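Q: Residue-level listing of the chains:
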Amino acid sequence: MTLRPDLAIIAANVAPGSRVLDVGCGDGALMAALRDERGVDARGLELDAGDVASAMARGLSVIQGDADVDLADYPPHAFDYAILSQTLQTTRRPDAVLDHLLRIGARAFVSFPNFAHWRVRASLLWGGRMPVTKLLPLEWYETPNIHHVTIDDFRGFVKTRGITVEGAWFLNRGRQTSAAAANFRAEHAVFLLRR
Amino acid sequence: MIDPRFGPNRTATLGKLSLDGGGALASVDVAYETYGALAPDAANAILVCHALTGDQHVASAHPRTGKPGWWARMIGPGKPIDTDRWCVIAANVLGSCMGSSGPASIDPATGEPYAMTFPVITIRDMVRAQGLLLDHLGIERLAAVVGGSMGGMQALSWAATFPDRVRACVVIASAARHSAQNIAFHEVGRQAIMADPKWRGGDYYDGDPPSAGLAVARMAAHITYLSEAGLTEKFGRKLQGRPDNPDGAKTFGFDADFQVESYLRHQGLAFTDRFDANSYLYITRALDYFDLAEEHDGHLANAFAGTTTRFCVVSFDTDWLYPTSESRAIVHALTAAGAAASFVELRSPYGHDAFLLETPGLDRVIAGFLGAAE
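These protein sequences, in sequence, are chains A and B. If you want this note's numbering, it's the position in the first sequence, counting the first as 1, plus 212. If you want this note's numbering, it's the position in the second sequence, counting the first as 1, plus 1320.
Keep in mind that the hints were calculated from the coordinates and are not lab data. Nothing here was measured: the structure is a model prediction, and the numbers come from that model. No residue lacks a Cβ here, since even glycine has one placed at the ideal position from N, Cα and C. One or more hints might be untrue.
[Unchecked claim] With beta-carbon atoms standing in for the labels, derived distance ranges:
| # | chain 1 | residue 1 | chain 2 | residue 2 | range |
| --- | --- | --- | --- | --- | --- |
| 1 | B | 1499 | A | 224 | 57 to 65 Å |
| 2 | B | 1501 | A | 355 | 50 to 58 Å |
| 3 | A | 331 | B | 1461 | 54 to 62 Å |
| 4 | A | 351 | B | 1398 | 41 to 49 Å |
| 5 | B | 1566 | A | 351 | 37 to 45 Å |
| 6 | B | 1619 | A | 374 | 44 to 52 Å |
| 7 | A | 227 | B | 1507 | 36 to 44 Å |
| 8 | A | 355 | B | 1381 | 52 to 60 Å |
| 9 | B | 1667 | A | 227 | 55 to 63 Å |
[Unchecked claim] To spell it out: a stretch of chain B is covered by chain A in this simulated footprint if at least three of its residues, at any positions, have a beta carbon under 8 Å from a beta carbon of chain A; those stretches are:
| # | stretch |
| --- | --- |
| 10 | 1651-1665 |
| 11 | 1672-1685 |
From just these sequences and the hints, can you work out the full model?
A: Right under this line is the structure:
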């Protein structure tokens, strides 16, 4: 099974045998890979009932719930890592969600589509329209992405919050790209954070 | 060698059972069935717990009604609870009337039925009786305990009372306590039974049972098992057909003019053929007393502290008897306790009864969860 590129980066950087909470875990592809390949004790939180059922059918422990509401139920320091992949921009309060991630997990992986990628910029600048790209495939009225964020926005945000960036990876067309001019060139970013 | 402890239609007479209400039963009978073979290491046993009016005939014909087992669609070779892999045990709960000790049983002290001298029991008492049964069967640890509705409460109580004896726990359409509304509906049922002159303080075993009261109790309860939308879709305001008028008509009397009335009356009547009114009183009482948090200093999470049991909690979106919020309260406690827990709210038009009916999402979840056991 091939993981989505951002998930593959996360999977490769999670310490074997650790405890992981995957927030917005979808059908559990990452959790299953972490369990099967790295002996990780993985738990998941997912909004969509069909995805939860698929993950449960894989034998994974997944709770149907909402990152905006249900992260408050988790006790502090319960996990080595909290993972939020492609979900931050869909939450009502990304700042509160990020606080919870770093309360629940010793470290947090956060991945999101970069709204400052050149194609997005071009679409707005030349087309005057909200971008519809491979990574942002839905029109403005149907997209779940309600808090678009750029790599530089995110860097600035974690800095003001005193959050340490332990690692950052940038992707363009599914391949890793350099940190140089990532805010312009990368479609997608993965950050490893620590309080 | 056939082991006489396993198979259909078994009854075990077990030892003394101390009860939550104080006192004890000197010995308890537990009627049960098993399906599938127990592995030599006894590690493949799944206990299936039944609901208020259920019984041990999960996948075999009911001896009185001849109807298929109440969970025959879930349990059997190749089914979600696959008896080619698992040894399924289903026991009639303490207080019931299908062979386990209950108010209709003979009190050895008097040679007469216990009737209302039977002690008031709790969900945990039912679970402890099942624990004695597992001892009798030589099963130290369950691969899983599975139950819907009151069966889910037993499953939760199992995980809280005997955490070392339960590897996995499946709780379907259930709750960790009875709400005021749950208690209120049960009180209607109990009052209907006790208002029937044939109830006679519970001493009716030598004559006519209080069938009218029990039927009304069942009618009231049955409404809570169905969704409003389900009732509307099935019956709406449709009138009952009659020999002289297949479309039915209002009689301007009090016959069952509406189809829903006729249906409920039928449900009530059919129930009295297979269930004992006093058992209904005792089991509804046990349900009303159930509050798992209360047994653990008021904190539900304490019930699961340090547990290594895997949990699977399922609710249905149209269940208003034990709504999703009750399942979420369980999940909240499991999360706080750090337990390995899964939860999903499935869609179904059938209300609380969904766990008994054709619900493909449930089959998939149960099969997946159990199949993932080591």
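Q: For a quick check of understanding: which of the numbered hints are violated here, in increasing order?
A: 1, 2, 5, 6, 7 and 9
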